[in-house]
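> Sequence:
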Amino acid sequence: RRVPGLSRSVDLQSEWGRVFETAPRLPQAGIAVLGEARHNAELIARFQAAYAASLQWCQDHAAECGELVARRIDLLTAEAVADSIAVSQLRFVEAAEAQPELEAFFARLLLREPALVGGRWPDAGFYYPAAR
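Residue numbering for the sequence shown follows this note's numbering, beginning at 1245 and increasing consecutively.
It is worth saying that the hints were derived from the structure and are not from the lab.
Don't take every hint at face value.
[Said to hold, decoys possible] So the derived label-pair ranges between C-beta atoms look like this:
1) Ala1294 x Gln1272: 10 to 20 Å
2) Pro1366 x Leu1319: 30 to 40 Å
3) Glu1286 x Leu1319: 30 to 40 Å
4) Gln1333 x Glu1308: 29 to 39 Å
5) Gln1272 x Arg1252: 15 to 25 Å
6) Gly1362 x Glu1308: 15 to 25 Å
7) Pro1344 x Leu1299: 17 to 27 Å
Glycine included, each C-beta is placed from N, C-alpha and C at the ideal position.
Make a model of the complete structure from these sequences and hints.
So this is what it looks like as structure tokens:
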């Protein structure tokens, strides 16, 4: 489906996989837990479950999700959001599962532009639950 004024020119995830001979996806870390919430395992588990369910709902109901997003973000149309959801490879994974791919990504950043990751590897507390 085409949206006027919007085009998809390259699939960065496919290019990442091709160039670095790995899975065709860009690893991402995305949820930060701060303050006292860091010590509330039940709250974190509930949030993770709700996040995973929300992601699945959006993938199963892309048009409805697009409508919800477009109501709150003026720059995006419902059609553009739905189209993006249809081709996205978003998935929820626990930090421990994502850690190897994230570290491969961070290694590349450290080689090219260390400041992007604070000039060093993240400590064990970066991953939830903290590495043992």
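> It remains to establish, for every hint, whether it holds in the given structure.
Going through the hints against the structure:
{"no.": "1", "hint": "Ala1294 x Gln1272: 10 to 20 Å", "result": "18 Å, holds"}
{"no.": "2", "hint": "Pro1366 x Leu1319: 30 to 40 Å", "result": "31 Å, holds"}
{"no.": "3", "hint": "Glu1286 x Leu1319: 30 to 40 Å", "result": "36 Å, holds"}
{"no.": "4", "hint": "Gln1333 x Glu1308: 29 to 39 Å", "result": "20 Å, violated"}
{"no.": "5", "hint": "Gln1272 x Arg1252: 15 to 25 Å", "result": "19 Å, holds"}
{"no.": "6", "hint": "Gly1362 x Glu1308: 15 to 25 Å", "result": "39 Å, violated"}
{"no.": "7", "hint": "Pro1344 x Leu1299: 17 to 27 Å", "result": "21 Å, holds"}
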